[in-house]
Amino acid sequence: MNQQQLENASRDALDYSVTSLDLDTQDALRAARLAALQERRQNYTLRCSGFSAWLWSAGIACSAWLIFTLLPEQSTLDFGSEADSEAEFILLTSLDDTELDIVEDLDFAYWLSQHMETATTSGSDHNG
Amino acid sequence: MHDLNSFLQSVERRAFRMAQLATQREADALDIVQEAMMKLACRYADKPSEEWRPLFYRILENTIMDWHRKETIKKALFFWRKERNEAERDTTPSPQISHTDPADELWTHQMGQHLLASIEALPVKQQQCFVLRNWEGMSVRETAEIMGIKETSVKSHYFRAIEKLRTQHRALDNNAQKDSGERLGTPTSGTSLNEGEPSALGEPRP
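Those protein sequence lines, which keep their order, are chains A and B. The letter at position 117 of the first sequence is residue 117 when you use our numbering, and the numbering goes up by one with no holes. Residues are numbered in our numbering as their position in the second sequence, beginning at 1, plus a constant of 128.
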C-alpha cells in the first residue's frame with residue numbers, strides 16, 4: 001500500500017467512523033451545540049444590556065456636566081455679552097469714521113502703529 | 129446565529145471524532161467539543177464566517193493539548209492509578225461498513241478498525257497533524273497555524289505519522305498473510321495480500 005492508498009484508506013475509515021456514531025453521542029453533540037448557541041445569545045443580551053447601561057450612565061454624566069459647568073457659564077456669558085453689546089453700541093456711535101476704521105481693523109491698526117514706530121526710530125537715527 | 133448553528137452542525141461530529149482519537153474517552157471528547165463550541169460562539173461568532181473553520185479547529189486543538197497536559201500531570205501525580213485509567217479508556221468504535229461479500233467485509237472491517245487503532249495510537253501531535261492534513265484537507269500552512277507550530281514541523285509530524293501507519297499496516301498484512309497461509313495450508317513466503325486483493329474499504333489495489 002503506497003502513501004496515497006494509505007491516506008485514502010485512513011480518510012475512508014475516519015469518515016465511516018463518523019457516520020457510525022451512535023444516537024446517544026449524536027444527541028449529546030446536538031445538546032452541546034445548542035448550549036453553545038444559548039450561551040452566545042445570553043452573552044449577546046448581556047453585552048447589549050451592558051452597553052445600554054453604559055450608554056445611559058455616560059448620557060447622565062454628560063448631562064450633569066453640562067448642567068453644572070457649561071450652563072452657568074453660558075448664562076453669565078449671555079448676560080455679559082448683552083451688556084457688552086450695549087456698551088459697544090454706545091462706544092461705536094461716539095467714534096468718528098477714522099476711529100471706527102481703527103476699531104474695526106485692530107490688526108491693521110497694530111501693524112500700522114508698529115510701522116510708524118519703526119519709521120520714527122529710523123528717522124531720528126538719520127537726523128542724529 | 130443560524131449560520132453559526134449550521135457551521136457547528138457541520139463540524140461537530142468530525143470534531144468529536146478528532147477529540148475521541150486524541151483522548152480515547154467519549155465523555156472527555158464531548159467536553160472538549162462543547163468547550164470549543166462555547167468559545168467559538170461566545171468569542172468569535174462576530175468574525176466573518178469564513179474564519180470560523182480555522183478558528184474552531186485552533187480552539188479544538190488547543191483544548192485537546194490542554195487536556196493532554198492535564199492528563200500528563202494527573203498521570204505523574206497519581207501513577208498508581210495507571211491501570212485503572214487504562215481500563216477507563218473506550219475502545220475504538222468499529223466502523224459500520226456494509227459489503228455483500230463476507231470475506232471482503234471482514235477484511236474491510238479489520239482494516240478500518242486497524243487503521244483507526246493505529247491513528248489512535250499515534251503521538252498526539254502526529255495524530256492531530258495527520259487528521260488535519262489528511263482528513264480535514266488542510267494545507268501545511270493552515271495546519272501549522274492551527275497547531276501553532278512551524279510548517280517544517282507539520283511536514284515532519286505528517287511524515288512520521290505516515291511511516292508509523294505504514295509499518296502498522298505491514299504488520300497487519302503479514303499477520304493476514306500468515307493466517308491465510310495456515311488456512312490454505314500453502315507456504316506464505318513470496319506472496320503478498322497486496323497483489324490482487326481488495327484494499328482497505330473496498331478499494332482496488334494496483
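These are computed hints drawn from the structure, not numbers from a lab. Treat the hints with caution; some may be incorrect.
Restraint-style ranges between C-beta atoms, simulated for each label pair [claimed, not checked]:
no., chain 1, residue 1, chain 2, residue 2, range
1, B, E279, A, Q42, 34 to 42 Å
2, B, D131, A, A58, 45 to 53 Å
3, B, N190, A, Q42, 17 to 25 Å
4, A, W65, B, S267, 54 to 62 Å
Quick look at which bits of chain B chain A covers, simulated, 3 or more residues with Cβ under 8 Å [stated by the list, open to error]:
no., region
5, 176 to 185
6, 193 to 204
7, 266 to 275
8, 288 to 299
Computed from a prediction, not measured in an experiment: that's the story for all the values here. Even for Gly, the Cβ is constructed at its ideal location relative to N, Cα and C.
The hints, checked one at a time:
no.	hint	result
1	B:E279 / A:Q42: 34 to 42 Å	39 Å, holds
2	B:D131 / A:A58: 45 to 53 Å	33 Å, violated
3	B:N190 / A:Q42: 17 to 25 Å	23 Å, holds
4	A:W65 / B:S267: 54 to 62 Å	55 Å, holds
5	176 to 185	violated (count 0)
6	193 to 204	violated (count 0)
7	266 to 275	violated (count 0)
8	288 to 299	holds (count 4)
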